[in-house]
Amino acid sequence: MDNEVLYESVKTEESVLIFLDYYIIPENISADYCDLKCYGIKIQKTIIYAGGGKIVESKQINNVFYRYNDVVEFLNAIIKKKTEPNKLREVEKNYIAESVDRARETA
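Per the working numbering, the sequence shown starts with residue 50, numbered consecutively.
Among the clues, some could well be false.
[Stated by the list, open to error] Straight line, CA to CA, 20 Å or less: simulated DMTMM-like cross-link-like pairs of lysine to aspartate or glutamate: (1) K131 with E57; (2) K136 with E106; (3) K91 with E57; (4) K103 with E62; (5) K60 with D70; (6) K86 with E76.
[Said to hold, decoys possible] Derived Cβ-Cβ restraints for the label pairs, each shown as a range: (7) K131 with V54: 16 to 26 Å; (8) P75 with I104: 20 to 30 Å; (9) I104 with E154: 36 to 46 Å; (10) N135 with Y98: 13 to 23 Å; (11) K130 with T95: 11 to 21 Å.
Keep in mind that the hints were calculated from the coordinates and are not lab data. Source: prediction; values computed, not measured. Even glycine gets a Cβ: it sits at the ideal position worked out from N, Cα and C.
All chains should be built: construct the whole structure from the sequences, respecting the hints.
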């Protein structure tokens, strides 16, 4: 797997400091024969408490998109909603189902 690429970091401050980091995970499909890539996504949530404690939670899904523009569009949509790691799988399934429906309508 190639390196993960931080796409955007969102910071919120409530009684604790929360960072939501959204990553693109590029992977080569077959480097020996071509330069095709597929892209996964990762969300990492870091909670930092005033007393010095810290909790890190993350969720990653590999090989979801085959076009860079598609992964960027998806990330922009989940960033707008401040999607957390525990909701990534559900949001990804709904997004793909909606994309298939849109494609059928235009076909």
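Against the structure, the hints:
1. Between K131 and E57, the direct Cα distance comes to roughly 11 Å. Compliance with the 20 Å bound is thereby established for this hinted pair.
2. A distance of roughly 12 Å separates the Cα atoms of K136 and E106; the hinted pair therefore holds under the 20 Å criterion.
3. Proximity of K91 to E57 is assessed by CA-CA distance (about 11 Å); at most 20 Å being required, the pair is judged to hold.
4. For a cut-off of 20 Å, the pair hint linking K103 to E62 stands: about 14 Å separates their Cα positions.
5. With a C-alpha separation of about 9 Å, the suggested pairing of K60 with D70 holds against the 20 Å cut-off.
6. At roughly 5 Å between alpha-carbon atoms, K86 and E76 fall within 20 Å of each other, so this suggested pair holds.
7. Roughly 20 Å separates the CB atoms of K131 and V54, a value that falls within the hinted 16 to 26 Å.
8. At roughly 28 Å, the beta-carbon separation of P75 and I104 lies within the given 20 to 30 Å, and the hint holds.
9. Here the CB-CB span from I104 to E154 is close to 42 Å, well matched to the stated 36 to 46 Å.
10. The hinted window of 13 to 23 Å between N135 and Y98 holds, with their beta carbons roughly 19 Å apart.
11. In this structure the hint that K130 and T95 lie 11 to 21 Å apart at CB holds, the actual value being about 18 Å.
When held up to the earlier numbered hints, the structure conflicts with none and fits them all.
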